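All chains should be modelled from the sequences, with the hints used to inform the complete structure.
As they're listed, the protein sequences go chains A and B.
Under my numbering, think of the first position of the first sequence as 1, with each following residue one higher.
Under my numbering, think of the first position of the second sequence as 1001, with each following residue one higher.
Any given hint might turn out to be false.
So these bits of chain A aren't anywhere near chain B, every CB distance computed over 12 Å [stated by the list, open to error]:
| no. | residue |
| --- | --- |
| 1 | SER28 |
| 2 | ARG39 |
| 3 | SER59 |
| 4 | ALA150 |
| 5 | SER154 |
| 6 | LYS176 |
| 7 | ARG178 |
| 8 | HIS200 |
| 9 | SER282 |
| 10 | SER341 |
| 11 | MET375 |
| 12 | SER384 |
| 13 | GLU388 |
| 14 | ARG404 |
Cross-link-like lysine-lysine pairs, in silico, DSSO-like; alpha carbons within 30 Å at most [said to hold, decoys possible]:
| no. | chain 1 | residue 1 | chain 2 | residue 2 |
| --- | --- | --- | --- | --- |
| 15 | B | LYS1158 | A | LYS144 |
| 16 | B | LYS1158 | A | LYS185 |
| 17 | B | LYS1232 | B | LYS1145 |
| 18 | B | LYS1156 | A | LYS83 |
| 19 | B | LYS1156 | A | LYS184 |
| 20 | B | LYS1197 | A | LYS103 |
| 21 | A | LYS74 | A | LYS61 |
| 22 | A | LYS144 | B | LYS1065 |
| 23 | A | LYS103 | B | LYS1156 |
| 24 | A | LYS74 | A | LYS103 |
| 25 | A | LYS144 | A | LYS184 |
| 26 | B | LYS1100 | A | LYS83 |
| 27 | B | LYS1066 | A | LYS184 |
| 28 | A | LYS185 | B | LYS1197 |
| 29 | B | LYS1065 | B | LYS1158 |
| 30 | B | LYS1066 | B | LYS1100 |
| 31 | B | LYS1065 | B | LYS1100 |
| 32 | B | LYS1066 | A | LYS144 |
| 33 | A | LYS185 | B | LYS1140 |
| 34 | B | LYS1065 | B | LYS1156 |
| 35 | B | LYS1066 | A | LYS103 |
| 36 | A | LYS143 | B | LYS1145 |
| 37 | B | LYS1197 | A | LYS61 |
Derived DEER-like restraints, expressed as beta-carbon distance ranges [claimed, not checked]:
| no. | chain 1 | residue 1 | chain 2 | residue 2 | range |
| --- | --- | --- | --- | --- | --- |
| 38 | B | PRO1167 | A | GLU379 | 46 to 52 Å |
| 39 | B | CYS1063 | A | GLU362 | 49 to 55 Å |
| 40 | B | THR1251 | A | GLU362 | 54 to 60 Å |
If you are wondering where the hints come from, they were derived from the structure by calculation, not from laboratory data.
What you are looking at is a predicted structure, and each value in this text was computed from that prediction instead of being measured.
We put the beta carbon where it would ideally sit given N, CA and C, even for glycine.
One-letter residues, chain by chain:
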Amino acid sequence: MDNQIEERENNRDIEVTPALIAVHPDQSFVSVAVGSDLRVYDLLGDCAVSLLDASGSPSHKDSIRAIRYGANGKLFVSAGDDKVVKIWSADTWRCISSVCSEKRVSAVAIRNDGRHVCFADKFGVVWVADLPELDESEAVVDKKAAPLLAHYCSIITSLEFSPDGQFVISADRDFKIRVTVFPKKPLEGAHEIQSFCLGHTEFVSCLDFVCTVNYPQGFLVSGSGDSTVRLWDITSGSLLDTCEVGAKAGHLESDGSDEGYSTVTDLCVILDSTLVAVAIQSLQGIVVVSCNLPAQSLSVAKVVSIAGENFIPTSLGSSSSSGSLWMVTGASNLPGFDYPSPSRVKVISGFKKSSPEPVEHEPNVMEDDDIPGGMKLLEKLQGSASIEEKVFLAAAEAVKTAMRNLLIKKQYPVEKREFRKRTRNDKKIKQ
Amino acid sequence: MLEKETNPTISKSTGLPRKRFYRARAHSNPLSDSHFPIPVSPSHVDYSVHYPIFFASDGQVNCSKKIQFADVGCGFGGLLISLSTLFPETLMIGMELRDKVTEYVKERISALRVTNPGQYENVSVVRTNSMKYIPNYFEKGQLTKMFFLFPDPHFKEKNHRRRVISPQLLDEYAYVLGVGGIIYTITDVEELGDWMKSCLENHPMFEPVTEEQLEADPVVKLLSSATEEGQKVARNGGQTFQAVFRRIVPTS
Ligand SMILES: C[S@@+](CC[C@H](N)C(=O)[O-])C[C@H]1O[C@@H](n2cnc3c(N)ncnc32)[C@H](O)[C@@H]1O
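Right, dumping it as structure tokens:
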């Protein structure tokens, strides 16, 4: 794994980065990141946002790997390969703090109290930093992070706080989800593991919480390269239910040769509901999974397909107020195209809040002119109003390859393994 | 004919496997990717394979026993063999990264079971990377003892993260150990001894076991004498450094 990480460090100029999307909890703003480019649109003011960053522009010098809003909507974070975590005021859009990381950053999470940010690096370490009070000072504060916990030499793919802030949940490429008690003094590390949620048989790609008035503590849902979505009780680590979304998305006939065929790339709980939107690596559309919390079960409610546009979402976002799902597809560093970083934004509306029978209220894919913000928003977030469709298929393919290279364990043939053994350099360590 | 039936890897005089046929590279890199099966979760560990007398594979025998001792980086298995007869009712397992060494320990245990009917049924071994897969084998609080005897020292600063005792890995050991469970470490490398001790001292979920308790614990004597590595160090008159700590409820 050491060697692999080094190999990747050397080959990284050919690495593409999937486009990401995040929606403000009140749907006041929508953010898209493609490569090092961070784009924000103000839906209330109906205008593009200019970011105020003292460090100059662009704000990030390398691919952004994680963006998200804090639950109270006051903060926004962005981080990635340039090893800087930027914390923005989601009001003035000034960068109020930046935290340096020793390694490239793969995931971020903000605690619901808005006082702590966590991020994971490419070597499996989760770091924590205090967040400044919003009205503190005008100056940019450079914060130092402290190590919180570590997954032994694995890549952490997703980080989440439990809704009550009691636990921090980290998922990795070794099929593992770890639930850790978030300590009173986080800068001294989080040592008490509450549970491990074990059951996935491939890398875990995404996490989210399903939370309702009756279940305020929420239930964890996870998506994985094993083409399932699973429901967990984080207190005990028990697997409550497994939903085969790959099969339901119509990929049952896969001959099994293509491992990445129905990898779950992202999932997103439609806020204030028990519906989970699931993006799957080769599906033009999304699968809607419904959680029955009293029964602690999952079922596929619907497949919403997006006809004729080669739209395979790379990232999903939702806000609590709207009952709509925002999706983006695209990639940066796409070789061989006029648009090196194309992206396309789409919205599905009509998810009814807490409806047990979502099928009655058909979610529908909105036309470009009808989405909030309309063409002006698309111009900002996509970087251009229209892009050839075939680019997106290439982008989806490139993202799939990148994800597989990063997360699927290589099974080297025996000869190659022997060769790697003979040529590796850690043999020389003297006793 | 006769020749074909004699297995050269088994010693004729003792009936036990000969170590020289199972020599492997001295050190494995625990960071390299795995090529061995990993149980999805502790409930997927097939006890009937490891402890057939206790768990018949037809599910007839309903045994609720769980593994309680883990010897991490067990090497050739000397400690397990000693513990087996000392705690005949306790299930214990060795975890070892090198496959040839694991095979040796497997052979050693089956030979002992044959020559001593009814004994050594409570010990077994798995090939795994303990630094990655401990939670796949043991549930929260399942273990009462964990052993780390003469672990690889990984001297270079940059390789410290390969050490089996580290502040982060102790979090996982604290998770699989029940409250009151004991972690035993010993090494002949002073620097590593200091490192393991300070990692344990600084961890909020461990406290040192007192001198009197160490005296009274029959297992402590085995640390320096039962394993192949320990015997080698003793033969060469080397010094050893041990740290024995108890899992406690964190105060806060
Ligand atoms: C120096 S030997 C000591 C063996 C034994 N405990 C003794 O005292 O004789 C260390 C052993 O730990 C094993 N080991 C190292 N890293 C390991 C890991 N991550 N998981 C399991 N075993 C490991 C090595 O293969 C080696 O057999």
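Violations among the numbered hints: Those not satisfied are hints 4, 5, 6, 7, 8, 19, 22, 26, 27, 29, 32, 34, 35, 36 and 37.
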